[in-house]
Each structure stands twice: as structure tokens, then as C-alpha cells.
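Given only the sequences and the hints, what does the whole structure look like? Please build it.
2 protein chains.
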Amino acid sequence: MEVRDCLVSAPGKAILHGEHAVVHGKVALAVSLNLRTYLQLKARSDGKVCINLPNIDTFVCWELSELKQLTSFLSDKKEEMQRLDAELVKRLREFIGVTNGNLDSSASAILAFLYIYLSLFGSGDMPSLTVSVWSELPTGAGLGSSAAYSVCLAAAFLCATGNIPTPLKEWEQTGRWCQEDLELINSWAFQGEKIIHGNPSGVDNAVGTWGGMLRFLAGKIIPLSRVPLLRILLTNTKVPRSTKVLVARVKDKINKLPSIMIPVLDSVDAISCTCEKVLTEMTCEPITGDHYNILEELIDINQHHLNVIGVGHPSLDTVCQVTAARGLHSKLTGAGGGGCGITLLRPETDSTTLQGTMKDLRDCGYDCWETSIGGPGDSV
Amino acid sequence: MEVRDCLVSAPGKAILHGEHAVVHGKVALAVSLNLRTYLQLKARSDGKVCINLPNIDTFVCWELSELKQLTSFLSDKKEEMQRLDAELVKRLREFIGVTNGNLDSSASAILAFLYIYLSLFGSGDMPSLTVSVWSELPTGAGLGSSAAYSVCLAAAFLCATGNIPTPLKEWEQTGRWCQEDLELINSWAFQGEKIIHGNPSGVDNAVGTWGGMLRFLAGKIIPLSRVPLLRILLTNTKVPRSTKVLVARVKDKINKLPSIMIPVLDSVDAISCTCEKVLTEMTCEPITGDHYNILEELIDINQHHLNVIGVGHPSLDTVCQVTAARGLHSKLTGAGGGGCGITLLRPETDSTTLQGTMKDLRDCGYDCWETSIGGPGDSV
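Residue numbers (full-length UniProt numbering), protein chains in the order written: chain A, 1 to 380; chain B, 1 to 380.
Treat the hints loosely; a few may be bogus.
Claimed, not checked - Below 16 Å or equal to it, Euclidean Cα-Cα: the simulated EDC-like pairs (lysine to aspartate or glutamate) are:
hint : chain 1 : residue 1 : chain 2 : residue 2
1    : A       : K256      : B       : D290
2    : A       : K256      : B       : D252
3    : A       : K238      : A       : E66
4    : A       : K253      : B       : D300
5    : A       : K256      : B       : E297
6    : B       : K253      : A       : D290
7    : B       : K256      : A       : E297
8    : A       : K194      : A       : E87
9    : B       : K253      : A       : E183
10   : A       : K220      : A       : E183
If you are wondering where the hints come from, they were derived from the structure by calculation, not from laboratory data. Small disclaimer: the values here were computed from a predicted structure and weren't measured.
Have a look at this one:
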């Protein structure tokens with residue numbers, strides 16, 4: 001089988017509002033982050049399957065004949081997409097020699113690649129190909145880099161199998177898929193996420209697939225039809241943190257002071273809902289300074305709330321102070337306790353302010369990108 | 001009539017938790033601040049009545065004969081203590097020449113003095129005396145300096161008339177009154193507060209009279225029976241602010257974002273109730289580090305909430321940061337928007353930390369006192 005070459009990309013994700021509160025049954029808003037992961041699929045004719053992941057120094061090739069031996073473990077329950085094929089995962093772990101313990105990013109990327117490749121091609125004619133992936137996203141920073149990778153893998157392989165069309169018309173530079181195709185991409189990307197993360201929420205792959213903004217509530221993910229594109233600064237403090245430890249810390253604090261903490265979660269919930277309302281208004285009426293004023297106010301309030309629930313960090317306070325000194329408003333995004341912050345830029349924020357702010361943040365030792373949120377999802 | 005000399009004192013007040021929220025029907029905790037106002041009453045034999053207020057550069061004497069002319073305006077409805085005698089106030093304003101507009105602190109202090117003096121002595125034998133008042137409290141900083149003054153005036157004059165006893169036994173250094181006497185002092189002090197402030201809540205004079213801690217909810221003031229004495233730093237940023245403007249700002253913010261703000265007020269309410277519970281526990285079980293940990297946590301959370309409701313100020317952020325750098329926890333107290341902050345000191349906070357913190361705060365241009373909260377009220 002020969003496949004057509006293709007180039008697909010998927011965005012990262014940021015949590016605009018509702019991180020942590022979502023664990024306690026409140027609304028969260030996840031947005032696409034226009035730092036993208038790109039995947040190029042190229043057909044080969046030498047019977048090899050290769051993967052190049054320069055961001056994580058991973059370059060591996062296998063003979064098709066080796067991979068074919070693994071297909072005997074494939075169960076044929078394709079409709080049962082909710083669950084991973086545990087037998088296949090086990091065999092793949094043996095195949096790449098990581099039978100026990102946690103996977104490093106290289107091993108988990110390879111495992112996700114092989115799982116989706118074999119699941120989609122294993123029962124038929126297996127193509128010889130090279131997949132090369134590079135990304136603008138830092139890994140392990142809570143920005144959905146693994147999901148963007150899984151989404152790209154799923155989209156490229158589904159195109160290659162013909163399960164979904166290549167939506168690109170000749171005269172177009174980029175193309176996107178219809179709703180049904182996106183759902184198929186998303187469900188395969190979710191398999192990849194499960195291999196990489198164990199028990200993911202499904203938000204990251206949904207944002208990578210649909211882009212724009214998603215409302216996430218009690219496990220249900222609803223893509224919002226229209227949102228404006230917002231300019232932001234994304235700052236990575238590079239302070240390492242454990243999401244698991246932070247989630248546990250919030251839970252402990254709620255258990256210790258429920259009468260104080262539960263209203264704070266309710267307020268965060270209302271922030272997410274108010275933000276969604278304002279963003280929706282911005283798509284159907286002229287955008288004014290007032291819209292931005294409210295968005296800034298919501299960011300400030302939520303940042304205080306996140307400090308209250310115990311997931312702040314001095315490095316994030318610094319991000320807020322440095323940007324506030326230039327009239328900009330920031331909050332942590334994701335797990336907190338370090339990690340990343342987002343800063344809203346107004347349409348009138350000029351490049352002097354922007355460059356100065358980015359310099360100040362970099363002088364603190366942080367990485368900083370000017371990008372946007374709310375942009376398109378997975379595209380060809 | 002000759003009066004016995006006496007020396008009385010009353011504490012200032014600070015709001016521990018619940019400022020602003022109390023305006024919206026939530027619990028507030030007011031505590032006595034051991035920066036005190038002292039009043040010395042000395043009998044004279046030259047037929048003069050004099051008042052010396054060195055803190056506000058006010059030194060005035062009247063002939064008893066002048067003051068006697070004013071007593072013809074006295075209504076005889078002594079039982080009607082809830083309302084000011086409007087006719088007397090009008091005549092007194094004419095007498096001291098401040099018939100229209102707002103009163104400065106000197107004029108309002110004189111007016112309160114004359115009102116209480118004439119109300120208590122005017123229908124009988126009027127004594128010739130000198131009242132001298134000095135205070136450790138800054139004026140106009142929201143620390144109840146005017147209430148402490150009114151409480152001292154009421155206590156000294158009520159002692160002089162014999163309406164309440166001089167509680168001091170010969171072998172005692174200081175003495176206090178019984179509940180009924182305190183209620184009488186408080187009601188006269190409230191009259192003084194009305195003259196000075198127009199429409200006071202009654203909290204400041206109640207704290208000045210009872211000391212310790214008061215629970216204030218929906219206009220009802222309940223003195224708490226026992227509270228521990230807590231060491232604090234009190235910092236006056238000296239940033240001027242208008243309580244009226246700040247109260248209006250909070251109201252606007254609640255009206256604009258009710259679903260976000262009302263839960264925050266609920267959380268503040270729970271902070272006050274939790275704090276009251278912890279302080280009560282501290283009086284009936286051994287005080288541990290955990291008690292202080294929770295008190296610190298409540299301070300931090302409330303400071304975030306006060307920022308959320310819009311009454312923070314960069315100067316107050318600085319107080320928090322400067323003290324946090326030494327492991328201490330601070331919040332604004334009172335109206336916010338500048339004004340004062342309180343910092344909790346732990347039993348183990350050593351004098352090096354203390355002196356260093358005070359130096360840092362003074363280097364910012366702030367006034368700073370080491371004092372305590374929860375101490376005794378009005379005493380002889």
C-alpha cells in the first residue's frame with residue numbers, strides 16, 4: 001500500500017478559566033493555543049516505518065516485517081473505541097522494551113505512534129512511511145503538546161487509510177474536516193492520550209482537534225461554535241510542579257475549610273460562565289474596550305481565587321506583577337504551582353509595550369511567546 | 001460641685017475580618033487595638049471648663065457662666081437616648097461658630113465634649129474642670145480614635161456625676177466597670193460618635209467600651225466573652241482614601257458581577273465565623289502552632305478576597321509582600337484602598353524578625369506599631 005504525503009498540524013491548549021474547579025464539578029473553559037505541532041507524513045518504498053521527533057531527540061526505524069508480527073495480537077473490536085486494547089499495549093511495551101514503570105516522553109510517543117499505526121493499518125496492507133513531527137510547544141508544561149501530537153498522528157493516519165478525506169482543495173492553502181471526521185480524529189487521538197497519560201480528561205485532544213474554545217463540565221466537552229481570536233502572551237516560568245500533588249492540595253484545603261472554599265469554587269464557576277458569555281458577545285456585536293475590561297477583570301479575580309485555593313507560586317506572582325507594571329493582566333493557566341501563565345493583550349497594546357514586557361519576563365528567566373488563543377484546530 | 005480627679009483610657013479598634021462584607025449582611029469581627037486614648041479629668045476652682053487635645057492642637061476654656069446659658073435649650077427627655085438632642089446640637093454649633101458644612105476634627109471634638117458635658121451636668125450643679133486627652137492612635141486612619149475619645153469622655157463624666165462608680169479599689173492599678181455601667185458608657189459614647197460621624201455603625205464605640213472582640217452582624221453587636229490577646233503589627237500606609245467611595249465601589253462591583261461576587265462575600269462570612277471559632281478554641285485549649293497556621297491562612301485568603309471586591313491598593317500589596325518576605329501574614333483592615341494593614345505575629349516571632357520587618361515597613365514611608373488586639377476596653 002502506498003500513502004499520499006501530507007502535512008497536518010494541531011494547536012496546543014490553555015485553560016482560560018476553571019482549572020482545578022473543574023475537578024470539583026465546575027465549568028472550565030479550554031482554548032486552543034496557536035503554538036502548533038506539525039506532522040509530515042511521507043511515503044517510503046524501502047519497507048521501513050520511521051519516526052522522527054527532533055523535539056525529544058527520538059529517531060527510530062522498524063522493518064515492516066517486524067511490525068507485522070505484532071498484528072497477531074490485534075483484537076477485532078474496532079467499535080469498542082472507549083477502551084484501549086490492553087493486550088496490544090502490553091505487547092507493544094514488550095516490543096520496545098519498557099514493560100514496567102513510567103514511560104519517558106520518547107517511549108510514550110513511540111508507543112502512541114505504534115498503537116495508532118497498527119490499529120489503523122494492522123488488519124490490512126501496512127504502508128512504508130516516515131512520520132516527522134516538530135512542535136512550537138514546550139513539552140510537559142501543561143500546554144497539550146502530547147495531545148497535539150496524538151491529534152496529528154490520528155489525522156494523518158486516518159487520511160492515509162482513506163477513513164477520512166484529505167479536505168484540501170487545490171486552490172486552498174489549508175483545509176479542515178467536517179464534524180464527523182473530526183469526531184473520528186478526536187477518538188483516535190484520545191487513544192494516544194490514554195497511552196501517554198493513563199487517565200486523561202479528553203480536553204486536550206478535543207481542543208487539539210476542534211480548536212477555538214471548549215466548555216468542559218462534569219466530563220462533558222462541548223465545543224463552542226464561535227469565539228474571537230485573542231492575542232496573548234504565554235509565559236513558561238519553567239518552575240516544575242506535579243499536577244497530582246496540586247490537585248490533592250486543593251482537595252485537602254476544601255476538606256479543611258469547606259465553608260470558605262466551596263463559595264470560591266462557585267465564584268470560579270461564575271467566572272467561566274461570564275467569560276463564555278462575553279466571548280460569545282464579542283463574536284456577534286462590535287468589540288469594545290468594555291469587553292476587554294471585563295475579560296481583564298475576570299483574569300484578575302480568578303488569579304486571586306487560584307491563590308486562595310492554594311495553587312499560586314511566587315514565580316506566577318512575578319508574572320502578574322511584571323505585566324501589571326505595563327497595564328496588562330495575567331493569570332496562571334493549568335495546574336499552577338509554577339508552570340505557565342497567560343497575559344491578555346488588548347488590540348491597542350503596542351509593540352513597544354509588548355517587546356518591553358517580553359524582555360522583562362525573559363529577564364526573570366522565563367520563556368515567553370506572543371501568540372493567540374481561540375484559533376483553528378487540527379488542519380491539513 | 002466639685003469632681004474627683006480621674007484617669008480613664010479606651011482602646012482603638014481594628015477589623016479583623018469582614019470589612020465591607022458587613023455592609024452586605026455578613027459577619028464582621030471587630031477587635032480592640034491596644035493603642036489607647038487617655039483622658040485625665042482634673043477639678044478646677046476658678047469657674048472655668050477647659051479642654052486640652054494636644055494631638056489635634058486644640059486648647060479651649062470657657063467660663064461656667066457662658067455654658068450655663070446653653071442649658072436652657074436642654075430637653076428633659078433623658079430616656080430618649082437613641083436620638084441626639086437636635087436643638088442642643090444646633091445651639092452648640094452656633095455657640096462655637098460652625099453652623100454649616102462639615103466639621104474639622106477640632107470642632108467635632110469640642111462639640112462632642114460640650115454635648116456630653118451639658119447633657120450630663122446641665123440640669124444640676126455644673127463642675128469647673130479640665131479635661132486633657134492624648135492618644136496613641138493616629139486620627140482619621142479608621143482605627144476608632146474618635147470613638148475611643150467619646151468613650152473616655154462618657155466614662156469620665158459618668159464617674160464625675162456619680163451615675164457610675166469609680167471601680168478602682170485602693171490596691172488596684174486599673175479597674176473596670178460592670179456590664180450595666182459599660183452599657184451606659186457605650187450609649188453616651190455613641191452620642192459623641194453621632195456628633196462626630198453623623199451615622200456611625202456603633203461598632204467603634206462598642207469596641208472602645210468592651211474591648212476584646214465583637215461580632216457584628218446586620219446592625220447587631222455582640223461582645224464575645226473570651227478571646228486571646230494576639231500580638232500584631234499595625235501599619236499605616238498613610239495613603240488617603242474615602243470609605244464612602246470604597247463602599248460604593250464594592251456595591252457597583254457586586255451589581256455588575258453578582259454571580260461572581262456574592263459567593264466571595266459568603267466566603268468572607270465563613271472566614272469571620274471560622275476565625276471566631278478558632279479564637280474561642282484558643283481560650284479553652286492549649287494554644288498550638290496549628291491555631292496560628294489557620295489564623296494566618298484566613299488572613300491570606302481574606303486579603304485576596306478584599307482585592308477581588310476591589311478595595312486593595314498597591315501600598316497594601318507592599319505591606320503583604322514586605323511581611324511575607326519574613327514569613328508573616330498581613331491583610332488590610334477597615335476600608336482599604338490605602339489606610340492600615342495588620343500583620344499577625346506568632347508567639348515565636350523573635351525581636352530580630354520584628355525589628356527588621358518594622359524597619360522595612362518604615363523604609364516604605366509607612367508608620368508602624370507593635371501592639372496587640374483583643375485587650376481590655378474602657379478602664380480607669
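Checked hints:
1. Under the criterion of a C-alpha separation no larger than 16 Å, the hint pairing K256 of chain A with D290 of chain B is consistent with the structure, at around 12 Å.
2. At most 16 Å may separate the alpha-carbon atoms for a hinted pair to count; K256 of chain A and D252 of chain B exceed this at roughly 32 Å.
3. Among the hinted pairs, K238 of chain A with E66 of chain A is inconsistent with the structure: their alpha-carbon atoms are about 40 Å apart, more than 16 Å.
4. A C-alpha spacing of about 13 Å is found between K253 of chain A and D300 of chain B, which places the hinted pair at or below 16 Å, so the restraint holds.
5. In summary, the hint linking K256 of chain A to E297 of chain B is supported, as the alpha carbons are separated by about 11 Å, within the 16 Å threshold.
6. Restraint check: the Cα-Cα separation between K253 of chain B and D290 of chain A comes to about 14 Å, which is no more than 16 Å; the hinted pair holds.
7. A C-alpha spacing of about 11 Å is found between K256 of chain B and E297 of chain A, which places the hinted pair at or below 16 Å, so the restraint holds.
8. Note on K194 of chain A and E87 of chain A: the hinted pairing holds, with a Cα-Cα distance of about 14 Å set against a maximum of 16 Å.
9. Between K253 of chain B and E183 of chain A, the direct Cα distance comes to roughly 42 Å. Violation of the 16 Å bound is thereby established for this hinted pair.
10. Between K220 of chain A and E183 of chain A, the direct Cα distance comes to roughly 14 Å. Compliance with the 16 Å bound is thereby established for this hinted pair.
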